[in-house]
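Colleague: Listed below, chain by chain, are the residues.
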Amino acid sequence: MPESNEHPLLSVENLKVYFPILGGIFRHRVGEVKAVDDVSMTVWRGQTVGLVGESGSGKTTLGRSIIRLVEPTAGKIKYDGVEISRLGSHAFWPYRKKIQIIFQDPYNSLNPRLSIFEIIGEALEIHFPAMTRADRRERVAQLLDQVGLTRNHLDRYPHEFSGGQRQRIGIARALAVGPEFIVCDEPVSALDVSVQAQIVNLLQDLQEELGLTYLFIAHDLAVVEHISDFVMVMNQGRIVEAATSEAIYANPRHEYTRKLLAAVPKL
Amino acid sequence: MSAPLLQVENLGIEFGSAADPVRAVDGISFGMAAGETLAVVGESGSGKSVTALALTRLLATPPARYVSGSIRFEGREVLALPPDELRRLRGKQIAYIFQEPSSSLNPVFTIEYQIREAIELHRPEVKDVRGEIIRALETVGIRQAASRLGDYPHQLSGGMQQRVMIAMALACQPRLLVADEPTTALDVTIQKQIMDLLKELKGSTNMAILLITHNFGLVSDFADRVVVMFRGKIVETGPTAEVLRNPQHPYTRALIECVPRLGQKQRRLKVIDYAGIK
Numbered sequence: 248m249p250e251s252n253e254h255p256l257l258s259v260e261n262l263k264v265y266f267p268i269l270g271g272i273f274r275h276r277v278g279e280v281k282a283v284d285d286v287s288m289t290v291w292r293g294q295t296v297g298l299v300g301e302s303g304s305g306k307t308t309l310g311r312s313i314i315r316l317v318e319p320t321a322g323k324i325k326y327d328g329v330e331i332s333r334l335g336s337h338a339f340w341p342y343r344k345k346i347q348i349i350f351q352d353p354y355n356s357l358n359p360r361l362s363i364f365e366i367i368g369e370a371l372e373i374h375f376p377a378m379t380r381a382d383r384r385e386r387v388a389q390l391l392d393q394v395g396l397t398r399n400h401l402d403r404y405p406h407e408f409s410g411g412q413r414q415r416i417g418i419a420r421a422l423a424v425g426p427e428f429i430v431c432d433e434p435v436s437a438l439d440v441s442v443q444a445q446i447v448n449l450l451q452d453l454q455e456e457l458g459l460t461y462l463f464i465a466h467d468l469a470v471v472e473h474i475s476d477f478v479m480v481m482n483q484g485r486i487v488e489a490a491t492s493e494a495i496y497a498n499p500r501h502e503y504t505r506k507l508l509a510a511v512p513k514l
Numbered sequence: 038m039s040a041p042l043l044q045v046e047n048l049g050i051e052f053g054s055a056a057d058p059v060r061a062v063d064g065i066s067f068g069m070a071a072g073e074t075l076a077v078v079g080e081s082g083s084g085k086s087v088t089a090l091a092l093t094r095l096l097a098t099p100p101a102r103y104v105s106g107s108i109r110f111e112g113r114e115v116l117a118l119p120p121d122e123l124r125r126l127r128g129k130q131i132a133y134i135f136q137e138p139s140s141s142l143n144p145v146f147t148i149e150y151q152i153r154e155a156i157e158l159h160r161p162e163v164k165d166v167r168g169e170i171i172r173a174l175e176t177v178g179i180r181q182a183a184s185r186l187g188d189y190p191h192q193l194s195g196g197m198q199q200r201v202m203i204a205m206a207l208a209c210q211p212r213l214l215v216a217d218e219p220t221t222a223l224d225v226t227i228q229k230q231i232m233d234l235l236k237e238l239k240g241s242t243n244m245a246i247l248l249i250t251h252n253f254g255l256v257s258d259f260a261d262r263v264v265v266m267f268r269g270k271i272v273e274t275g276p277t278a279e280v281l282r283n284p285q286h287p288y289t290r291a292l293i294e295c296v297p298r299l300g301q302k303q304r305r306l307k308v309i310d311y312a313g314i315k
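Going down the list, the sequences are from chains D and L.
Our numbering applies: residue 248 is where the first sequence begins, and numbers increase by one.
Our numbering applies: residue 38 is where the second sequence begins, and numbers increase by one.
Since the hints were derived computationally from the structure, they do not count as laboratory data.
Ideal Cβ positions, reconstructed from N, Cα and C, are used throughout, including at glycine.
Don't take each hint at face value.
To be verified - For lysine to any residue, the following SDA-like pairs were computed, each having C-alpha atoms within a straight-line distance of at most 25 angstroms:
1) L/Lys229 <-> D/Asn498
2) L/Lys302 <-> D/Leu514
3) D/Lys323 <-> D/Asp285
4) L/Lys302 <-> D/Ala510
5) L/Lys307 <-> D/Ala494
6) L/Lys229 <-> D/Val487
7) D/Lys506 <-> D/Met288
8) D/Lys506 <-> L/Leu299
9) D/Lys513 <-> L/Leu238
10) D/Lys325 <-> D/Arg315
11) L/Lys270 <-> L/Leu90
Claimed, not checked - These stretches of chain D come out as covered by chain L in the derived footprint (C-beta under 8 angstroms, 3 or more residues):
12) 443 to 449
13) 460 to 470
14) 485 to 498
15) 503 to 511
Claimed, not checked - Label-pair restraints from in silico Cβ distances:
16) D/Arg386 <-> L/Tyr150: 50 to 58 angstroms
17) L/Glu237 <-> D/Arg274: 40 to 48 angstroms
18) D/Lys344 <-> L/Gly82: 31 to 39 angstroms
19) D/Asp452 <-> L/Phe146: 45 to 53 angstroms
20) L/Asp310 <-> D/Gly425: 27 to 35 angstroms
The task is simple: from the sequences and hints, build the whole structure.
Modeller: Quick look at the structure:
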């Protein structure tokens, strides 16, 4: 942990995200789903924090609430010391550049009608309106190179790429605006194990090169343990265990963590 | 070894135009004995799923073309079966479960209807079809099966949907179950449940299981033998324990090494060096 920083890059305090259950003919609120239920966590600059849990545990909702794709019901999200969860969209604007996301499904998260240049360039167009088209093409070509693709891919369309290549495109899109913090929401769950290894290595290389900070969400504890400095285990909206990745494996305290460990295929 | 249940010889399958064909399966041969579990391991594009589908000629022709070889199931040539016998082979003798249970089930019918259809078609001798459906659902670990009969697929989780698919396959009492990436769309915890279920079934029935997977991690305590496929060819085959302990082909070694292991933190994961593989 870097001592020079006096506060964490991201800190979440008592975050709650509840979704209403509507019922009756007037669709009034009859209950709620506590997707994230009183979660607190901190992520220091340059660190990777792993968030592991099953489908429905609330890990994706937590990740999405950090980039404001989901509005929190209660609690605080502080980024670099500033409370961002209540900011209006104008005040939040600069944080859209600093915080980015990579999605799970490389097949559904890229618009099939846009070329790779348009997909990655769109973010540049929005956040850097002064940039010329030629500059944008150059920057996108550079990004493709950074994620292991080439400038020959600029004018191709998503269907021409494999799952692993599409995930590289998703990573290039996230990197386009020069973020500091990336929410990686199950970035390797839909990939072959051999491709998974390539993408995990790419994420680690980019982290070293660019000093990125990751929240890495997955259901597979073996991958999370590998990439993370610190691991949080989530179940039914709550963090049931949090420890360094070594300790999670060597000395799991919660029964649910042991269940996740037992589910990892053994060779 | 007993007489083979399945014998594939020099099978070749092509896609695309005759002028510029893509060889998806390139002269592969393997066999399976009754009750045996065999895993075909390979990456996307290695030809493993095409092989699986070819066993009952489920590939649409065109675009696919069977260009060489033979597939013998219980001594009969599948590639030469007339349509009515092919229909009896599918489901009754060779049943499938696929990767995405939500797209394999029909969303507008109840699970009872869908399993009933399979039983009535393939086992007309069964009197108490409803009882048979409940039994099949209980075999795959669905509790209070009678009360779930009226459920539609969307009311079930991914793991439950896959159990229903397995129940449907088992209801026909097939000789061979082809499981094509049965857990790839599922969480690791649900993956373990489904693999445990398949293991249990392997012990309690005399059904052979062909597991198609990209993950060597699933193979180790499941399959008797492994076939490793790379670019349409079989690069290595052998008893599972032996292949895992002492892989001969560099591709096999690379596939085994890229599986992340708990508690053995390396700085980087091993990746496959395709340039080094002939």
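Colleague: So which of the earlier hints does this model not fit?
Modeller: none
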